[in-house]
Amino acid sequence: MNITIDGIQYEIKKNTTILQACKDAGINIPTLCHDERLNPSSSCRLCLVEVEGTKNPVTSCSTMVRDNMVVNTKSKDVIKARKDVLNLIISNHPMECLTCDKSGNCKLQDYSYEYGVAEGTFKGAKRTPKTDTSNPFYDYDARKCILCGLCVRVCDELQGTAAIGIENRGFDAVVTTPYNEGLINSKCVSCGNCVSVCPVGALSPKRQKYRYWENKKIRTTCSYCGVGCQMDLVVKGDKVVDVEPAKDALNNGLLCVKGKFAYKFINHPDRLKTPLIKINGRFEEATWDEAYRYIRKKVNELKPEYGADSFAGLTSARCTNEENYLFQKLFRAVIGTNNVDHCARL
Amino acid sequence: MTNSIEEITDTDAMFVIGSNTTENHPIIGARMKQAVRNGSKLIVADPRRIELADYADVYLQLKPGTNIALLNGMMNVILENGLYDKKYIDERCENFDELVNIIKEYTPERAAEICGVKSEDIIKAATIYGEADKAGIYYTMGVTQHTTGTNAVMSISNLAMLCGNIGKESAGVNPLRGQNNVQGACDMGGLPADLPGYQKVFKPEVIEKFENAWRVKLSPKPGLTIPEIFNGVHDGSIKFLYIMGENPMVSDPDINHVKEVLEHVDFLVVQDIFMTETAEYADVVLPAASFAEKDGTFSNTERRVQRVRKAIQPVGESKPDWQILMELMNYLGFEKKYLHPEKIMEEISSLTPSYGGITYDRINNGGIQWPCPDKHHPGTKYLHKGMMARGRGLFMPAEYVESAEMPDSEYPYIFTTGRILYHYHTRTMTGRVEGINEIAPSSYVEINEVNANKLGIRNGDRVKLTSRRGQIETTAKISEIIDENVLFMPFHFADGAANYLTNSATDPIAKISELKVAAVRIEKAK
Ligand code: SF4
Ligand code: SF4
Ligand code: SF4
Ligand code: FES
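Taken in order, these protein sequences are the chains called A and B. In case it helps, this note's numbering puts the first sequence at residues 108 to 453. In case it helps, this note's numbering puts the second sequence at residues 170 to 695.
Just so you know, not all the hints are guaranteed correct.
Claimed, not checked - Covered by chain A, according to a simulated footprint, are these stretches of chain B (three or more residues, beta-carbon under 8 Å): (1) 360-374; (2) 383-389; (3) 449-455; (4) 513-522; (5) 600-607.
What the hints assert, rightly or not - Ranges of calculated distance between the beta carbons of each label pair, as one might list FRET restraints: (6) A:R314 x B:E282: 48 to 58 Å; (7) A:Y286 x B:V619: 20 to 30 Å; (8) B:N628 x A:S198: 44 to 54 Å; (9) B:K256 x A:A132: 44 to 54 Å.
Read the hints as simulated data drawn from the structure, not as lab findings. The C-beta atom is built at its ideal place from N, Cα and C for all residues, glycine as well.
Make a model of the complete structure from these sequences and hints.
Rendered as structure tokens:
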């Protein structure tokens, strides 16, 4: 079907939202409560656009395109309406960007910048602060919560746990667990999928401090279970300081507690850092050359006497394909035995 | 998996057996719950009332070790009620008559009796599975870690073929692989009789191919499996043992036996990222880099080969495993050098037909599912489309046989083991993450309230568990999800390790140990 957006005509598939149509056309519409994986909730009202023939602006995330629709995304009224939405939100938001972990990766900050909304003018009482820091991996700070509901919907619709909900209405609304029992005592399985989707700093991982502009992200595969979720390792200097799920992958932007939060073993002080050789029952640090020579000496002693089939190796379901390939090649081609197995059965 | 993870969303019915999916494959578990929302039916069979049971149309709390009876019972109902796919069987399968012959003995009543479930539930499960257009079966170690594991896997295939569910989108037979790259380790020839791509060492043409490629003489004699290797150390025929990234001192059955083996072997090399319980016994420990410190690929449970990318430098003097192995090969006189894992993948794809089209360039975005025979092949979303890989699908019916060790008056409880959400394998990694230890700090045994009351055990009491192989102390967790006379224990913990109790009796074909059934005694610790 045909639609006109900001004066230009586009050919659009049926069953497309105005938001998606704009995105396909390369036009950016601000959103706070939208996520393409979820049913629309139309709660933030930031994605407003004008549709000719309709009296009030509509939420583009939940309105389907119709043939010959004429949409304006940049009219004065639309811009004003969006500014009002932002104004209303930040009137009730602690302006703590200087110390907030989310700074540099916060949608509220970005849109306020884009629309030039510097402070909230709807003065009045701010909401009562209420935090939940009971979960060992992440915190909820209600003062920063903009009540977009994304966390609740992800936990319910995608993660399928439904541990949290929005309680109370209007001014006093907060995200909470049933009976306010605290996240750690709730059904929450610490997957962090709510944290990954929060557009502001309300749900934030307990993590080492870093700024979004001083890190790099490396896409890789989770090293825990066989699902093989795709994730970005967030690296500051020589340390992995955070993990974010990949959306354009089989895990569809989700991770479990292990993938999302169990990364601290990587830079753990217990990591083995040098080869060790046992001398008189005690491990002594050695160089790689010494370790390799020692192994070679043993191979050269044992092989002539007992034959290649007195050697055996357990390769690893933890290691890469390339490493498993080399391991069996070491045993088969270099040592000369097929005694290679691994814990596929565990 | 014959099919893909994303296909789960569109399935009509799911049958989850012996898999606590939401804890062990959480993202697949989440997909299953999404599929239920989407209208898919769900059948769950597991000795514990796991989370998925809450979403199930039928939940069967069967006794550990009775999977084959249940599967046979379901097939009996499907045959009786004509719910099978006759056309599919005629066109694509063979040995149907023998299946009918054996299955006819397994009435739902008899199966129910063996499994300790209601016959109506078996009928209901069979009807849901049989009536669904696209039905997928999902299983893990709850099916395989039995002395009858291979037969149970075949029974699953029988059921799937009976209803025409192999070679179809959003259906299939889907073993969910536990460890990140267990699929890849198998694909790459980490098995005693298999060179990469499951090419058999005992086939002369295979040996010739690899001899030409590697320019060495190779042994055509199949090697030993882990249990055989351990026995070999015991009887003195194995002198040298090299363990890479494995911790059998916690993960393997009958730890007392493993301990003797590690103490006894002439020379032990362990390569790992931490000083593990196993590495303590080594003569040489080689420090390896973690997955964040190296390049390479993992193959996930749906056969998707995906990139692992180096994010930081190896810590200390540790090195990526591939580099250690290459350097050791060089020290031992094999002069092949690889500048980067990509070069190793080039060699792999030249020798492994199913990886023939895998290159780092091609898998850069999202990976490719093997079989991928050449550089133009898009990969394979689901297997056996049109025809089985072997030609016709062969029905291999099996009789139910009891587990190797059944409860008796001395050891009256069935002891079963598994994983929990928060830990990974032997905890060498997750055990070093603070928050994880806060939530799941130590070993425990799940016991039903009725049994606990009878024995005067309260929640949190220390208890002593004894089997024919060993004894441990742990904490009792009274739980309503576990059946009467069954005890469940996660195997992750080295302290109070479940595997001191487990039985190392193995399946004769797959050589998998019966980790899911042992007979034990439980009492309050003094
Ligand atoms: S961590 Fe996961 S389970 Fe817990 S509230 Fe967030 S989304 Fe829900
Ligand atoms: S916590 Fe974050 S995601 Fe949840 S409602 Fe508040 S702002 Fe939205
Ligand atoms: S994030 Fe969780 S489900 Fe995904 S691969 Fe890692 S361990 Fe498995
Ligand atoms: S994004 Fe449309 S209403 Fe929030």
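These are the hints, each one checked on the structure:
1. For the segment 360-374 of chain B, the proposed coverage by chain A is satisfied: 6 residues have a C-beta within less than 8 Å of a C-beta in that chain, meeting the threshold of three.
2. Three residues within the 8 Å Cβ limit are the bar, and the segment 383-389 of chain B against chain A gives 5, so the coverage statement holds.
3. Restraint check on the segment 449-455 of chain B versus chain A: 5 residues with Cβ-Cβ distances below 8 Å, three needed, restraint holds.
4. Under a criterion of three residues with beta carbons nearer than 8 Å to beta carbons of chain A, the stated coverage of the segment 513-522 of chain B is upheld, 4 such residues being counted.
5. Counting residues of the segment 600-607 of chain B whose C-beta lies closer than 8 Å to any C-beta of chain A gives 6; at least three are required, and the coverage claim holds.
6. Distance hint check: the CB atoms of A:R314 and B:E282 are about 54 Å apart, consistent with the given range 48 to 58 Å.
7. For A:Y286 paired with B:V619, a C-beta distance near 29 Å keeps the hint of 20 to 30 Å intact.
8. Range check, B:N628 to A:S198: Cβ separation about 49 Å, and the 44 to 54 Å hint holds.
9. Taking 44 to 54 Å as the suggested C-beta distance range, the pair B:K256 and A:A132 conforms, at roughly 48 Å.
Checked against the numbered hints above, the structure violates none of them.
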